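Colleague: Chains as they are written, first to last, in the numbering used here: chain A, -1 to 124; chain B, 1352 to 1434.
Accuracy of the hints is not assured; some may be wrong.
[What the hints assert, rightly or not] The following residues of chain A were derived to be distant from chain B, with all beta-carbon distances above 10 angstroms:
1. Val98
2. Glu100
3. Val105
[As the list claims (entries may be wrong)] Below, in silico cross-link-like pairs of lysine to any residue (SDA-like), each with a Cα-Cα straight-line distance of 20 angstroms or less:
4. Lys84(A) to Arg1432(B)
5. Lys84(A) to Thr1360(B)
6. Lys84(A) to Leu1363(B)
7. Lys84(A) to Trp1371(B)
8. Lys84(A) to Met74(A)
9. Lys84(A) to Leu1357(B)
10. Lys84(A) to Val1392(B)
11. Lys84(A) to Met1424(B)
12. Lys84(A) to Met1352(B)
13. Lys84(A) to Asp1410(B)
14. Lys84(A) to Arg27(A)
15. Lys84(A) to Val96(A)
16. Lys84(A) to Phe1403(B)
17. Lys84(A) to Gly1376(B)
18. Lys84(A) to Met26(A)
19. Lys84(A) to Asp28(A)
20. Lys84(A) to Phe1367(B)
21. Lys84(A) to Gln31(A)
22. Lys84(A) to Gly1421(B)
23. Lys84(A) to Val69(A)
24. Lys84(A) to Met1385(B)
25. Lys84(A) to Arg97(A)
26. Lys84(A) to Thr1354(B)
27. Lys84(A) to Ser1422(B)
[As the list claims (entries may be wrong)] Reference listing, derived: stretches of chain B covered by chain A, where coverage requires no fewer than 3 residues with Cβ under 8 angstroms from a Cβ of chain A:
28. 1383 to 1397
29. 1416 to 1427
Hints are computed from structural coordinates only; laboratory data are not their basis. Computed from a prediction, not measured in an experiment: that's the story for all the values here. Virtual Cβ for every residue (Gly too), placed ideally from N, Cα, C.
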Amino acid sequence: MTHPILTGIFLWLAVGIAIVFTLGLAIMRDAYQRLHFSAPVVSLSVLFIAIAVFLENSDPQARIKIVLISVILFVMNAVLTHATGKAIRVREAGRWPVRVSEGIPLVNRGMPAGDKGPDNRGGKPT
Amino acid sequence: MNTWILAATAMLFAFFPCGWVCFRGTVADRIVGMEMAGVLVTLELVLLTQGFNRTPFFDLPLTMAILSLGSGMVFVRFLQRWI
């Protein structure tokens, strides 16, 4: 039995979220900020579309595949976003580790004895 | 014409901001825009598959989801050093 009103609500929520956050991606200033805007699309939009498919379609093949699609998009987008962020950082700065001179707050994670970090200052400010 | 087809048509408007970023941004911006477009294409294929009521065609968005990840990782690898 289909639920056309519920299906429509979830569908249009999903489409609205995708459009709004894609607009947000275009508005942002740099790539680091743009990276964040794919998260609501792969989480909320995909979830709502999956629910709509479940409401509309009783075929187990369709339900299994939409669950697989949702899981793949949700999990792997996180991996891809982090990999992209790292690649942008390496491209811009020429290295991955942060230096104290860059002014980025560092968390002291208790470096091993004798390890003074990448800039040989033990994480201390300049 | 049903709700799914209408939703798929409306979803097409989400591609314009991605295209804007891909045409106008830096290399890093373009790759981010491309990754978002890959997600949107996957969702578009799901909507069209359900709209035309062709259950076997769900293989297309499933394949697209996997391949968009792979292609994204390849571009990211090249972005880091060679592009």
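Colleague: Each hint: holds or not?
Modeller: Here is what the structure says about each hint:
The claim that Val98(A) lies off the interface holds: its Cβ sits roughly 23 angstroms from the closest Cβ of chain B, which is beyond the 10 angstroms cut-off. No beta-carbon of chain B is positioned within 10 angstroms of the beta-carbon of Glu100(A); the least distance is around 18 angstroms. No beta-carbon of chain B comes within 10 angstroms of the beta-carbon of Val105(A); the shortest separation is about 24 angstroms. With a CA separation close to 12 angstroms, the supplied pair Lys84(A) and Arg1432(B) stays within the 20 angstroms bound.
Between the alpha carbons of Lys84(A) and Thr1360(B) the distance comes to roughly 35 angstroms, so the proposed pair goes past 20 angstroms and is violated. For a cut-off of 20 angstroms, the pair hint linking Lys84(A) to Leu1363(B) is broken: about 30 angstroms separates their Cα positions. A threshold of 20 angstroms between alpha carbons decides the hint, and for Lys84(A) with Trp1371(B) the separation of about 24 angstroms lies outside it, so the pair is violated. Restraint check: the Cα-Cα separation between Lys84(A) and Met74(A) comes to about 15 angstroms, which is no more than 20 angstroms; the hinted pair holds.
Under the criterion of a C-alpha separation no larger than 20 angstroms, the hint pairing Lys84(A) with Leu1357(B) is inconsistent with the structure, at around 38 angstroms. With a C-alpha separation of about 25 angstroms, the suggested pairing of Lys84(A) with Val1392(B) is violated against the 20 angstroms cut-off. Distance check on the hinted pair: Lys84(A) and Met1424(B) sit about 12 angstroms apart at the alpha-carbon level, within 20 angstroms; holds. Our distance criterion of 20 angstroms between C-alpha atoms is broken by Lys84(A) and Met1352(B), whose separation comes to about 44 angstroms.
At roughly 31 angstroms between alpha-carbon atoms, Lys84(A) and Asp1410(B) are farther apart than 20 angstroms, so this suggested pair is violated. Distance restraint check for Lys84(A) and Arg27(A): the Cα-Cα separation of roughly 18 angstroms lies within the 20 angstroms cut-off, and the hinted pair is therefore satisfied. Annotation: proposed proximity of Lys84(A) to Val96(A) holds, straight-line Cα distance about 12 angstroms (limit 20 angstroms). A threshold of 20 angstroms between alpha carbons decides the hint, and for Lys84(A) with Phe1403(B) the separation of about 40 angstroms lies outside it, so the pair is violated.
Proximity of Lys84(A) to Gly1376(B) is assessed by CA-CA distance (about 18 angstroms); at most 20 angstroms being required, the pair is judged to hold. Under the criterion of a C-alpha separation no larger than 20 angstroms, the hint pairing Lys84(A) with Met26(A) is consistent with the structure, at around 19 angstroms. The suggested pairing of Lys84(A) with Asp28(A) holds, with an alpha-carbon distance near 14 angstroms, which does not exceed 20 angstroms. A C-alpha spacing of about 27 angstroms is found between Lys84(A) and Phe1367(B), which places the hinted pair above 20 angstroms, so the restraint is violated.
Using a Cα cut-off of 20 angstroms, the hinted pair Lys84(A) and Gln31(A) holds, with the two alpha carbons roughly 13 angstroms apart. Using a Cα cut-off of 20 angstroms, the hinted pair Lys84(A) and Gly1421(B) holds, with the two alpha carbons roughly 17 angstroms apart. Straight-line distance between C-alpha atoms of Lys84(A) and Val69(A) comes to about 23 angstroms, which puts the hinted pair past the 20 angstroms bound. Distance hint between Lys84(A) and Met1385(B) is fulfilled; the C-alpha atoms sit about 17 angstroms from each other, no more than 20 angstroms.
Between Lys84(A) and Arg97(A) the CA atoms are separated by roughly 15 angstroms; this keeps the pair inside 20 angstroms, and the hint holds. Distance check on the hinted pair: Lys84(A) and Thr1354(B) sit about 40 angstroms apart at the alpha-carbon level, beyond 20 angstroms; violated. The suggested pairing of Lys84(A) with Ser1422(B) holds, with an alpha-carbon distance near 16 angstroms, which does not exceed 20 angstroms. Remark: the region 1383 to 1397 of chain B is confirmed as covered by chain A, as 9 of its residues place a Cβ nearer than 8 angstroms to a Cβ of that chain, reaching the required three.
For the region 1416 to 1427 of chain B, the proposed coverage by chain A is satisfied: 6 residues have a C-beta within less than 8 angstroms of a C-beta in that chain, meeting the threshold of three.
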